[in-house]
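Undergrad: If you want the building blocks of each chain, they are given just below.
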Amino acid sequence: MFNNLRRFVDKIKPNFVEGGKFAWLQSTFEAFETFAFTPNRVTKRGSHVRDAIDLKRAMIMVVIALVPAMLFGMWNIGYQTSLHASDWPYELGTVASWWYCLWFGFLRMLPMLAVSYIVGLGIEFTFAQIRHHEVNEGFLVTGFIIPMIVPVTTPLWQLALAVAFAVIIGKEVFGGTGMNFLNPALVARAFLFFAYPTRMSGDNVWIAADLWGTDAITSATPLAELAAGVHPSASALDMFIGTIPGSTCETSVIAILLGAILLLFTGIASWRVMLSVVLGGGLMGLLFNAIGANEYMQVPFYYHYLMGGFMFGAVFMATDPVTAAQTNTGKWIYGLLIGIFAVMLRVINPAYPEGMMLSILLMNCFAPLIDHCVVARNIKMRQHRALKLSKTVKS
Amino acid sequence: MANLKKLIIEPLRKTNPVTVLVLGICSCLAVTAQLKPALVMGLSVTVVTALSNFIISLLRKGIPNRIRIIVQLVVVATLVILIDQFLKAFAYDVSKQLSVYVGLIITNCIIMGRLEAFALSHGPGESFLDGLGNGLGYSLILVIVAFFRELFGSGTLLGYQVIPQSFYEAGYQNNGLMILPPMALIVVGVIIWIQRTRNPEMQENNQN
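Read top to bottom, the protein sequences are chains A and B. Residues in the first sequence are numbered from 5 upward in steps of one, following my numbering. Residues in the second sequence are numbered from 1268 upward in steps of one, following my numbering.
Source of the hints: derived by calculation from the structure; they are not laboratory data. Accuracy of the hints is not assured; some may be wrong.
Stated by the list, open to error - Listed next, with one range per pair, are the computed distances between beta-carbon atoms: (1) 1448/B - 159/A: 21 to 31 Å; (2) 241/A - 1426/B: 53 to 63 Å; (3) 59/A - 1388/B: 53 to 63 Å; (4) 1471/B - 29/A: 30 to 40 Å; (5) 1471/B - 28/A: 48 to 58 Å; (6) 1436/B - 15/A: 48 to 58 Å.
Claimed, not checked - To give a feel for the contact side, a few chain A residues facing chain B, derived at Cβ under 8 Å: (7) 159; (8) 195; (9) 198; (10) 199.
These figures come from a predicted structure and were not determined experimentally. Here a beta-carbon is modelled for each residue, glycine too, at the ideal position from N, C-alpha and C.
Excised from the complex, chain A in its bound form (with noise of 0.2 Å):
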C-alpha cells in the first residue's frame, strides 16, 4: 500500500515544484508528502547534524503520550453527566456503563478537536503558504492540547477564536514554529479565560449536561471548593484517578503519569523541568501548610498535584521546547518558579482559580533571561578559572 501511496506522490509532485501547474501550493504538498514518508533530499552544502528523529515524530511521540489522558478525560465527561444531571436521558439508568460515558464524551470531544485542528491548521498553511515556509508540525500538538485543557461547555465559536488568537498572536507573528517565546496553547487558555470569564470559570461548566445542549448543571471543582473556604468534597484518591469535575482532560493525574512515562523514557520532554515544577509546587504548599491561616493554606501540599492543572501543566505545559529554558540550570530555575507561583497564585489570588497557566506563561516570558543570566555567569567563571590558573602557571 505504502508503494501505491509513493508511486502516486511521485507522479503528481512535478505539478508542485518550481514551474509546475500547483508551485503556489508547494508547502502544502511538501507537508503532506513529508507526513507520511521521509524527505529523501540529502543535505548538498556543509553537513548538519541528521537525527533519526526530526520534529514530526517527536510531535507525534508527544501526541501518543497524550492519549492515556485524553481517553480518561473523555470517559469523565460521560461519567461526570452521569453523576450530575438529573435527567440522564438515556435509557441506561443513572449511573452509565463505561463503553457509554466514553462515547458520550467522544461525541463531546470529536468536534472541539475538529475545530482546534481546522482553524489551527488552516492558519499555520495559510501563513506557510504566503511566506513560502515548509509547514511545520508545531500544531499538532498544540491542536490536541487545547480541547484538552478547557471545560467540556466551551462555546465552540470560542474555542475556534482562541485557536486563531494563539496561532497568529501566539506563535506566527514572531516567525512561527520554534520561535514563539509563550506556549501557544496556553495563549488559548488564557485568551478564553480573559476574554470570556464566564464560560472558564464558575460552577457552571465543567459538566456537559447533555449531547449538545447547553443547560448548566452547577458543579464545583475542588480548586473552587477551596476558594470558597471549604476543603474538597473529593477525596485524594478520586482526585489521583481523576473522577471529578475539571476541565476536559487534565483530571486524572495516573492518565498524565503514564504520557509522562513514555516523554521521559523517550527523551523528549526534560525530566529537570518536570521534577522541578513538582517540587517548586511541594515546597510552596509546605510553605502554606506552616502559616496555615486558611483552609487553602492548610490543605496538604499534594493536594496541589491532585487539583486542577498542576500536572498536566507540569508535564506537558512547562517542558513544551520551545518555550522552556534551554540551559540545565536554567530549567531547575524555570520549573522551581512555576511550582512555586502556581500554588501561590491558587492560594493567595482566589480572583485566579488556576494559578499553572499563569505561572507557565509567565516563566515562559523569563525563560530566555534565566538561560542569558545562566549563561553569563558561566562564562565569568570559566574566565575567573582560567585567570587563576595563569596566574598559578606564572608563579
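Fit chain B to the known structure of chain A by using the hints.
TA: Frame of chain A, contents of chain B only:
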C-alpha cells in the same frame, strides 16, 4: 503648497507618531476602551500639539537654548490646563472618564517630540500644520483602536448598542479581553503589522 499639504498628510501614514515612531502608547492603552473618550482625547492632543507648536515656533528665536525644555513645558502645561478646564465645563462626563489622562497630556512624548524636532527650526505656519498633522495621526490610531475595542468588548459604538440583541440570544458574548489594556497594545501591534506589510520600504533589514 504641496509641501504644506504633506505636513498634514504624512503623519497620518508614513510618519505616524503612534505606529511608526511608537510615541504616545501609554495614553493609547488607557483611553481606548470606548470610542467617545478616545475621540475627545485625540481632539485635545491635536489642539495642544498644534497650538504649542505654533507658540514655540513664534518664540523660538527668543528662547535661550539651555532653558528651552522648561519654556516648552510652561507653554504645554498652560494649554493642557485650559483644555482640562474646558472639558470640565462643557463635557463633564467625558472629563470624569478620562480622569488624570487629560493632565498627563503634558507628558505625551509626541508633543515634546514635535516641539524639539520641528517647531524649534521651522516657521509658525508650518509648525502649526505639523502639530495638527501629528495630532490627527495620533487621533486616527486612537479612534481605530477604540472602534474595535468598544465594538467587540462592549458591543456598542459611542454608547449605542450595535451588535443586535438576537446575537446575544444565539449565544454571542462580549469579549472581556478587549476591555483590558493589553488588548490595546495587541491591536496597535496588528495595525503596525498591516501597515508594514503594505509598505515594504518601511521594513528594516535585520538580516545581518
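Undergrad: Against this structure, judge whether each hint is valid.
TA: Tested hints:
1. 1448/B - 159/A: 21 to 31 Å: holds (26 Å)
2. 241/A - 1426/B: 53 to 63 Å: Given a distance of about 54 Å, which is inside 53 to 63 Å, the answer is holds.
3. 59/A - 1388/B: 53 to 63 Å: holds (55 Å)
4. 1471/B - 29/A: 30 to 40 Å: holds (31 Å)
5. 1471/B - 28/A: 48 to 58 Å: violated (28 Å)
6. 1436/B - 15/A: 48 to 58 Å: Once the Cβ atoms are compared, 53 Å apart, the range 48 to 58 Å for residue 15/A and residue 1436/B holds.
7. 159: Result: holds, 6 Å to nearest chain B Cβ.
8. 195: holds (6 Å)
9. 198: holds (4 Å)
10. 199: holds (4 Å)
The structure fails hint 5 only (numbered hints given earlier).
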